[in-house]
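Got chain R; can you put chain B on it based on the hints?
Residue numbers (our numbering), protein chains in the order written: chain R, 977 to 1497; chain B, 7 to 101.
None of these hints come from the bench; they were simulated from the model.
Predicted model, so just to flag it, every value in this text is computed and none were measured.
Check the hints yourself; a few may be wrong.
[To be verified] When the alpha-carbon atoms are kept at most 20 Å apart in a straight line, the in silico SDA-like pairs for lysine to any residue are as follows:
| no. | chain 1 | residue 1 | chain 2 | residue 2 |
| --- | --- | --- | --- | --- |
| 1 | R | LYS1345 | B | VAL96 |
| 2 | B | LYS98 | R | PRO1343 |
| 3 | R | LYS1245 | B | ILE82 |
| 4 | R | LYS1076 | B | GLY77 |
| 5 | R | LYS1353 | B | GLN31 |
| 6 | R | LYS1388 | B | THR59 |
| 7 | R | LYS1076 | B | PHE94 |
| 8 | B | LYS67 | R | GLN1252 |
| 9 | R | LYS1245 | B | GLY77 |
| 10 | R | LYS1076 | B | VAL83 |
| 11 | R | LYS1353 | B | VAL99 |
| 12 | B | LYS67 | R | SER1217 |
| 13 | R | LYS1312 | B | GLN46 |
| 14 | R | LYS1076 | B | PRO87 |
| 15 | R | LYS1388 | B | GLU49 |
| 16 | B | LYS98 | R | ASP1346 |
| 17 | R | LYS1388 | B | GLN46 |
| 18 | R | LYS1076 | B | ASN92 |
| 19 | R | LYS1431 | B | ARG32 |
| 20 | R | LYS1353 | B | PRO87 |
| 21 | B | LYS78 | R | GLU1063 |
| 22 | B | LYS78 | R | ARG1337 |
| 23 | R | LYS1431 | B | GLU91 |
| 24 | R | LYS1312 | B | LYS67 |
| 25 | B | LYS98 | R | GLY1344 |
| 26 | R | LYS1388 | B | PRO57 |
| 27 | B | LYS68 | R | SER1217 |
| 28 | B | LYS67 | R | PRO1244 |
| 29 | B | LYS78 | R | GLU1080 |
| 30 | R | LYS1345 | B | THR89 |
| 31 | B | LYS98 | R | ARG1337 |
| 32 | R | LYS1394 | B | VAL50 |
| 33 | R | LYS1345 | B | VAL99 |
| 34 | R | LYS1431 | B | LEU47 |
| 35 | R | LYS1076 | B | ALA79 |
| 36 | B | LYS67 | R | VAL1250 |
| 37 | R | LYS1353 | B | ALA24 |
| 38 | R | LYS1388 | B | LEU41 |
| 39 | R | LYS1245 | B | ARG32 |
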Amino acid sequence: MTDLTRLTIAEARAKLRGREFTATELTDAYLSAIDRANPRLNAYIAVTHDKARTMAKASDERLAGGQVGALEGIPLGIKDLFATDGEHTQASSHVLDGFKPRYESTVTANLWAEGAVMLGKLNMDEFAMGSSNETSYYGPVVNPWRRARVDTAVMPSTHDGAGGFASAGGVLEARTYDNMQLVPGGSSGGSAAAVSAFLCAGATATDTGGSIRQPAAFTGTVGIKPTYGRCSRWGIVAFASSLDQAGPIARDVRDAAILLKAMASVDPKDTTSVDQPVPDYEAAIGGSVKGMKIGIPREYRVDGMPQEIEALWQKGIAWLKDAGAEIVDISLPHTKYALPAYYIVAPAEASSNLARYDGVRYGLRVPGKDIVDMYEKSRAAGFGREVKRRIMIGTYVLSAGYYDAYYIKAQKVRNLIKRDFENVFAQGIDTILTPATPSAAFGIADQDMANDPVKMYLNDVFTVTVNMAGLPGIAVPAGLDGKGLPLGLQLIGRPFEEETLFRTAAVIEKAAGRFSPEQWW
Amino acid sequence: MSVDIETVRRVARLARIAVSDEDAQRMTGELNAILGFVEQLDEVDVSGIEPMTSVIPMEMKKRQDRVTDGGKAADIVANAPATAENFFLVPKVVE
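In isolation and in its complexed conformation, chain R is listed as follows (with noise of 0.2 Å):
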C-alpha cells in the first residue's frame, strides 16, 4: 500500500468514501510516523493515541453506515491553543502545567461534528507569543526543511564500448543537506512542521499578528488566516483579543478551503462571531481571475530585503497577469506604522488576558508568604521571557499616564492602517499581493534574533498589517530560494472574501507547483 500519509485530505476523503482503506488504517499510519519522527521534530507536545483510534473507529462505523461528515475519518493534529475536553492544553507554557479543561473550543468542536480525528496536541510558541517556536515551555520544533547545496555538473554522452555502459548525456543534481537545525516559524510552529512532515492531513492555528502565514511559508504549506469574526474565538486561549483568528495550515490551497469551512461558524458564545453564513470555499477552487485588479503595494518593498523575496514577488505577479489579472501599483502609507502600533496593542490586551494565570483557579502554583507572594513567584516561575517581556511592555503603556500616549495612540493608527486598505478596495482593488516574510526559515537558536527582540519581531512585517485591519489572508507557497528552502507569496482580501483568496491562491499554487521536503526525520 502506497504511505497514506501522503494524501491530501482531499484525496483521503475520496478514498474513505470508496472505501479503498478505512479511518483505522489512515489514523494509524499518521500514529505511527508520528511515533517515529516527533522525537526529532517535536511538534507534538501530547499524543492522544486512544482518543485518535476511538474517534477513528467511531468515523469507520459512521462511513459504513452512510452518514458521512465533510472531514470524516481525516486525521488532525490541534494546536495546544484550542481548548480540548480532557486533553492537555497548556498554550505550550508551564503556567498551565496539568491543565485539562471540561470544555471543548467552538472550532474543535465544529471539526469533530464533521468527522474529523484527534491525532494530539501541536507544539507553539508560549501563549502564542514568538515568531520561531523557540519561547515554548517544551522546546524548539525542528523544520523538517533543511538547507541544501545544490551542485551540478554536465555529463557528456558517453559510450563505453568495453562494458556497455551508456550515458545520454544531461545534468546530473546532488543535494547536500545542510545538518543546521531550522526553525519552522512561529507562533503555529508546531503545525506547520506537522502538516509539512506528513504528520497529519492537516492543522489548526491561530495568527494575531502572523502566526498562521509565517510558519506556513517557512515549511511550504499554506495557511489562510481568515477574516476576524469568522472562526469563534470561544475555548481558545486568549493572547490578544481584538487582533487572535483562528484558521488552518494545510498542504495544498484546496485542504485549506475544506477546513475553514469546517472550521468557521457563527457562535453565540463567541459575541465578536460574525452573522454571516459560511461559503463553500472549496467551490471557489478553479475560478478564473480573469480581469480581476491586484494591487501590489509599493510599501511593502523593504530595505534589506533579499533579492530572493522579490524576485519570488515578480513571478507571482508574472503568474496573475498571464491568467488575465490586471496588476496596479497601490500605496498603504501607513504600512511601516503597523508593527510598532501592534507592539502596543498586543502586549496592552495580552497583559490583561493573561492576569487570570494567578495560581488560584488552574495551573502552576508557588507558595508564598500571602497571596500577593503566591502570584508573584507562581507568575514569576509560570512564564517564560518572551511572555513576561509582552506583559510588563502591556501593563507599562496601559499604566496611568501612558495610556493616551500609547494605547489611544497606537488605536488611532491602527484606525489609519485599516483606512488605507478601504481606500485601495475603494478604488476596485480585488486582493493584495505580497511576499509573505522577508527571509526564509532561520537557524535554532539564531544570536541576533535572541540578542534583540525587535529583530525577532520584523518576521511579521508583512503580516501584521492585516491583523490590524481584521482582514483576511492567505500564505502560500510559490518557489524555493537559492538554498532550497521555500518562500510563500501573501494574498490580502476584503472583508469575508476568502473565497477571492482561495480562487487566487489557488492559480499560484497551479502555477508554482507544490513544495515538499526530502525526508529525513
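For chain B alone, kept in the frame of chain R given last:
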C-alpha cells in the same frame, strides 16, 4: 520615552511578576529597545482620528437575560491546585 530600573520594578509589581535584580536589569534594556521601536509612531499625525474600538463594524450581540448554563462547580474547580468542597483555596487574605 525610556524606563529606568525602578520603573521596571514598579511595573513588575503591577503585573504581579516577581523579578530578581538581574531580571530587572535585563528587562530594562529589553523594554527600552521595544519602547524605542514603537517611538516611530510619534511621526504619525493622528489629529481628528478616532481610536479603533472594533475592527469589523458590528453591534455587540446581546442574549436574553436568563440562565443558560450552570451546575458545574465540580468542573470549574477540577483544575485548581487547591480546593475544598468546590471552593478555591488561597492563602489567608483577611486576618
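Tell me the hint numbers this structure goes against, listed in increasing order. The structure conflicts with hints 23, 24, 39, although it agrees with all the remaining ones.
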